[in-house]
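Participant: For reference, the chains in residue letters:
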Amino acid sequence: MLDRAQMSPDILLEVRGLTKVFKPRKTLFQRKTSNPIRAVDDVSFEIRQGETLGLVGESGCGKSTVTRLLLGIHEPSAGTMRYRKKDGGSVDLDQLSENERLAYCTDLRIVFQDPQSSLNPRLQVRDIVGEVLKVNRLVPPDQIEATVRDLLAKVGLRPEYARRYPHAFSGGERQRVGIARALATRPRLVVLDEAVSALDVSVRAQTLNLLRDLQEEFGLTYLFVSHDLSVIEYICDRVVVMYVGQVVEVAPSDRLFAKPLHPYTEALLSALPIPDPAQRRQGRRIRLPGEVADPANRPSGCAFHPRCRFATETCRTTPPPLRDFGGRSVACHHAEQLSLNGVESIQPGQAAHA
Amino acid sequence: MRPIPMLERMSALPVTAVAQPEPLVTVRDLKVQIGTDDGLVRAVDGVTFDVPRGRTLCLVGESGSGKSITGRALMNLLPPSGRIAAGRITYTDRAGEAIDIGALDPRGRQIRGLRGKDISLISQEPMAALSPVHTIGQQLVPVIRRHLGLSRREAEARAVEMLGRVGIPKPAERLGNYPFEFSGGMRQRVCIALALSCQPRLLIADEPTTALDVTTQANIIDLLQELQREYGLSILFITHDLGVVAEIADDVAVMYLGRIVERGTVDEIFADPRHPYTQALLKSVPRLGAGRHTRLAAIRGMVPSPFDRPAGCDFRPRCDLAIKGLCEIEDPGTITLGPRRDVRCVLQRTPSTDSVVTERSTSHA
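So the protein sequences, as listed, match chains A and B.
Take the first sequence: its position 243, counted from the start at 1, is 243 in my numbering, and no numbers get skipped.
Take the second sequence: its position 286, counted from the start at 1, is 286 in my numbering, and no numbers get skipped.
One chain only, chain A, in its complex shape (with noise of 0.2 Å):
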């Protein structure tokens, strides 16, 4: 069953069928259970060494059950997940006991959306930050502390703040102390996941410039997960798209961008709000029907039928499957005929505006 294959050098993470499906129990209030959620469905896509590659949809399509599923919050119900090791050996993930798991904790690491409820408000900075330190005897415990101060060197935060509780600082500052406390261990893979959807748009743009550093410094790789896809556009190199727990479109952000091959991409595009007053008037926007598909009760053939304007027969009975288009991959039935609009034609001007 197992693809024995030997994983490209340069990938570090590779995900193969991945699937989680989620059977709700039967509580006290309800009559009858609901239907098993396929929060992820055979999703495959793969994590190159130091690149930073997006996973973009609106709620409920999956991305952040398959970061759970890769940082082993969650188990999976079927796939693979092969992640390259330093030794240049790879194992999978999926195959390992929670103990043997143990081994890789410090190799992949998350950043949370929420730097609220993300940190311990009872714990000083210094110890939400060196606790991973202090676990995995990284650091003898003498040298934790100076490791933390420098930790939050990196992050832009002055190091006396080290004896602070979370509370005495603002959400912008605590998304550093997340980010520093995923940084701690070294890691290899870095999963933001909407880590700078909750910030201020100062804020924001101060965040993004700094994971940017962070990356060039240490070599990072970023699992990059956001439903805004002008902040994909401006961090990611690669963009996996999905839409209720299925990979719909696989691209190099440029080309993604410059065109869509999938009709839902192309709808996302065009519903971003431009910030340019001009530009509404011009009015090309794709209005999507209706609402993202219900997990629990997904449309027969393809997910996306029900709202895309370009849906046949074939694609209310047969679910496409994700084909290769030379670098990039689709899963539509109609992709060779279709001619989507990328940025250039939805927002004209936008890229000369840089």
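Please keep in mind that the hints were generated in silico from the structure rather than gathered at the bench.
Over 12 Å on every C-beta distance to chain A, these chain B residues come out as not near it, computed from the model:
| no. | residue |
| --- | --- |
| 1 | Glu22 |
| 2 | Leu74 |
| 3 | Asp93 |
| 4 | Asp105 |
| 5 | Arg109 |
| 6 | Arg146 |
Just some of the chain A residues that point at chain B, by a computed CB distance under 8 Å:
| no. | residue |
| --- | --- |
| 7 | Glu58 |
| 8 | Gly172 |
| 9 | Asn209 |
| 10 | Ser230 |
| 11 | Tyr234 |
| 12 | Asp254 |
| 13 | Ala267 |
| 14 | Arg280 |
| 15 | Val292 |
| 16 | Val343 |
| 17 | Glu344 |
Cβ coordinates follow ideal geometry from the N, Cα and C atoms, glycine included.
Fit chain B to the known structure of chain A by using the hints.
Facilitator: Same frame as chain A, now just chain B:
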């Protein structure tokens, strides 16, 4: 169903820029204070603006700028620890009479007659705005009955009509559903139906699309604009998202630390921002099509704590254009550039505008 007379009158109102000089609401030098454990916060500190009829005014700002509190003050709906310390909020009612909203008893009969009827609110989190233990019908019908004086049957018909109008499929069947049976976007549509069910003249929309997906957000913005055209509604739209501002605003007021730092039409604000804060905000949003090779111009530092306001200009510690010896001493005051255009920055002072500077700190010799 018996037609509601007021409904017809409202929709017959011309909404385009027919000379309608008198704004629906005028706010003059509004100050709101909120008591906290750490002391009194001047959440809104001398704000002046108008809400014109049939147009959309966007209040833009980051967290802590006082934009939401300003919105709530217009309904006299402040948190228990907050109070309107100074200023006037004048609302012109349907009979043409001016009402000072800030002077009304916040729990009194008069303001309660206005809330939900003349002025309604949509908040960011529709789940928090709706009661989870009542059906949609149980939440819509009593409001309509109370404010419009209709019978139960008429009110139900009106509720169904409103739900249909905001795009909820099979509205008559959905009246018996609870909020949890709706998706996030549909819940926000229910809130819009609830807010508009009594034909308000002013809608205060406080980040109504922030919690929604982008494709849903686009649909909700379209809906609000349609309803505005149809009913001649004035909208006060509160948001931090400059993309949304560009989509929906006619007029914009940019807030920073409880003050309006710049005011103008949406085209003026985006094409010719005058305040360094507005300029920096516009540069710090990633724009589609700009690609990976650019670097965002971030604003350094962060919004100061309200207890630790800088002396002189509020924005000075983060401002790249600050003038040493001037900006840290002198409050720039409001500089009027046009009838609906003003800015709080010393850089905009010219010999001609100097005479209209309304306030000025005297600490500078």
